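Input sequences plus hints: build the corresponding full structure.
So the sequences go chain by chain: A and B.
Every number in this note's numbering is 144 more than the matching position in the first sequence, counting from 1.
Every number in this note's numbering is 144 more than the matching position in the second sequence, counting from 1.
Just so you know, these hints were derived from the structure itself, not from any lab.
Treat the hints with caution; some may be incorrect.
Identical chains blur together in the list; that is why a pair holds if it fits in one copy or across any two.
Computed cross-link-like contacts, DSSO-like style, restricted to lysine-lysine with a CA-CA straight-line distance of at most 30 Å [as the list claims (entries may be wrong)]:
no., residue 1, residue 2
1, Lys200, Lys570
2, Lys266, Lys570
3, Lys151, Lys591
4, Lys570, Lys591
5, Lys591, Lys266
6, Lys535, Lys570
7, Lys585, Lys570
8, Lys591, Lys358
9, Lys200, Lys585
10, Lys238, Lys151
11, Lys238, Lys266
12, Lys151, Lys266
13, Lys358, Lys238
14, Lys151, Lys405
15, Lys570, Lys151
16, Lys405, Lys535
Every value quoted in this text rests on a predicted model; they were computed, and no experiment measured them.
Protein chains: 2
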Amino acid sequence: MRYEIIKELEGLVGPGRASYAPEDLAAYSYDAYTEECRPDIVLFPVSTDEVSAVMKTAYRETIPVTARGSGTNLAGESVPVRGGIAMCLTRMDKILSIDSQNLTATVQPGVVNMDLQQAAGKAGMMYPPDPASWAVATMGGTVGTNAGGPRTLKYGVTKDYLLGLTVVLADGAILQTGGRTIKNVTGYNLNGLFCGSEGTLGIFTQITVRLIPKPQAERTIRADFANLEDCSDAVSAIMASGIVPAALELMNRFAIRAVEKSFGLGLPVDMDGILLIQVDGNPTTLAGEVGHIERILRDTGAVNIITAEDPPDAERLWTARRYAGPALMRLRPNTITEDVTVPVSNLTAMIRKVVEICERHRIQVGVLAHAGDGNLHPCMVFDRRDEDEFKRVRMVCEDLVPEALALGGTLSGEHGIGIAKAPFLKLEMDPVALRVMQGIKDYFDPKGILNPGKFV
Amino acid sequence: MRYEIIKELEGLVGPGRASYAPEDLAAYSYDAYTEECRPDIVLFPVSTDEVSAVMKTAYRETIPVTARGSGTNLAGESVPVRGGIAMCLTRMDKILSIDSQNLTATVQPGVVNMDLQQAAGKAGMMYPPDPASWAVATMGGTVGTNAGGPRTLKYGVTKDYLLGLTVVLADGAILQTGGRTIKNVTGYNLNGLFCGSEGTLGIFTQITVRLIPKPQAERTIRADFANLEDCSDAVSAIMASGIVPAALELMNRFAIRAVEKSFGLGLPVDMDGILLIQVDGNPTTLAGEVGHIERILRDTGAVNIITAEDPPDAERLWTARRYAGPALMRLRPNTITEDVTVPVSNLTAMIRKVVEICERHRIQVGVLAHAGDGNLHPCMVFDRRDEDEFKRVRMVCEDLVPEALALGGTLSGEHGIGIAKAPFLKLEMDPVALRVMQGIKDYFDPKGILNPGKFV
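Here it is, written out as structure tokens:
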């Protein structure tokens, strides 16, 4: 990037909010995926107008711009593969309003999901989308990836809560979409199009979401299975029972042992799989639902069932799931978390395939799953420096996708496409769909400066 | 339209499924809005391939194509204002699958909402979107308009249940969007973009939707208010209570009297407004919720509260709401049902404005509202042949929109834009938003043949 452009950009955001120091360029060269690529400059805008001004220069000079928040995304969405500007929105971190009469919240893109959760909670409400990275992930990123999480089984994903956006377009124009009402069919559903667009269509600078009343109570159950197939059969049985749990999570033996090794929570290391189930709602109803689920678990072969007595007890049970990712990351230098998703009736078949494929390529895998909606997160642990092992990991990824598609699934349930899944897109989407996506991209980004080198 | 083109189109759909008889052209020249315009030919395709073949010819010859189902839409979306082809999809009426393991259904666009409701119900599931026209409205139309309904207060609108589409594009190409999994972030969210696009981007020939477990029980409450403001204050109080009713409907005195006049259901004609409230879920919980809501209703000034003892009893209470539209239509030759929507905290203010504006222009109005989500349906009754009265009705529509926007609302909550709201679009959407919508339209429909003359 030319020196005078660097200086111009620096001037647009003001002192202390632009950097081209090597350590910053390195710090913003990666996300939670395995690839790295350095931007030429990192900018920290604090307003829609600053973002707009930066985009006007980037558009004029045809400079790539990769928007990012905390970089917890798992498919390389925020890696600036063509260099240029890393636009970091973490300093736009204000919660602008929590409206308990209309059950809405308006936030800047850098607000952390957990902070919104807590602010909503204080007002007796809940913002359902809860990605595993909720304590770090920014709202801008969760809208950009249409993030899900355990609770989305019952409550739906980010797009189901998005009411309105302020979006800065490629040329710096400022677009308002949607509004503050729950129902709105005025014009095309641009919220729907932008949600999950991974920074390739525009940059979000303000977000209005729907909130819901906070469930009055929650109950958590853990069930241990000696056989992984019984475990996933239990999932299908619960989902067919008419009860919709708030969360229904599965961990396989390898993941259980990883957690034990790092954190010693007293998990049953001799078990093939465990389920963690949360139901929420009215306390009087929950007792009945818990009993019903316990019966299903026994009938499907659970060898041990633990039902939390109180919130701290439930918290202890959930710790196992929350620490699973970190525990797996500690085992080896690198991890790749897959995201294949199948209709829940094919969960058992897909888990079997995951294990089989990983064994074939001699790759260790901790299987975590948002089991209730068929969303698997096989977490492969490896050492990237071992060329052969890394090659085998990539072969696992290549082999997983066709199996998921053959089972009526999709290559990404919630992590997105980014660079990780881009090569596989043509396996799921036909040429017409790819052409349409390209057409939309070309309209919004004629110079190809918005997060270039990604899925489209 | 040239004779040889008529013959070519006739040949594409086969005998008995094309017509240019004056009575058919008349029958397909209007919908539930007030405008009429005759197509040159009406086609009744029965397959995706037939729709594709027709679009190829229409594209080659630049012939307007207006897709439609039962024509229950209220904003003129299916009026073929530029003539050409009326593409009627009511003969593609097969339910292709009801999957109770994965809670999904796949249907052709001509399937009637009620038929899907019943098929899902038999399998212990529910398809939540329930427009008032549910007994007639087709699924294609409900996806095209992103339809809502009373139950969407608790369960969300059509876009929240749409998983996958087969879409025939302007040039006849066939596009598959989404899939069969609940979670899917593979590529742009094209389902989100097509839902509510009112036939201007493509024609749906297959639809996959998410279903939910059928609530185990329902309870219905009617509350009568001597004062309309107390009535809508009760709505805000209920919505702020943490209980989310499945439906929360409001009728004003004029609507109540219209129903009494036509159907004599024994409604309180001296009341300023009534609320109909439905809660659903677990029977044990419902008792508590009913009690809580009854208390709120008493506290907010309800002079009479009736809680249904059993389903037939509840059905009787709902009849009043269901007959309101027909009753109002019987009063005068024409009706226009408005759709302005505001944040629920501004419901009282908006209702006051509706009454005030209609009085100012001497127009009789039955106010029906999906009150819980601030979605008003002021139903104006008039005689179109009375030029002056019709002019005053249009002035009411013009005056309502700015008031709704001033209260943080939108000009359409669920009926759509079509031709009815097109003139007002620029009041809500800024030039950038209008430009973006036009850009999307131009990409999908470069020749402007898909439902031309509508909002974009």
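Original post:
Which hints, by number, does the structure contradict?
Top reply: 2, 5, 8, 12, 14 and 15
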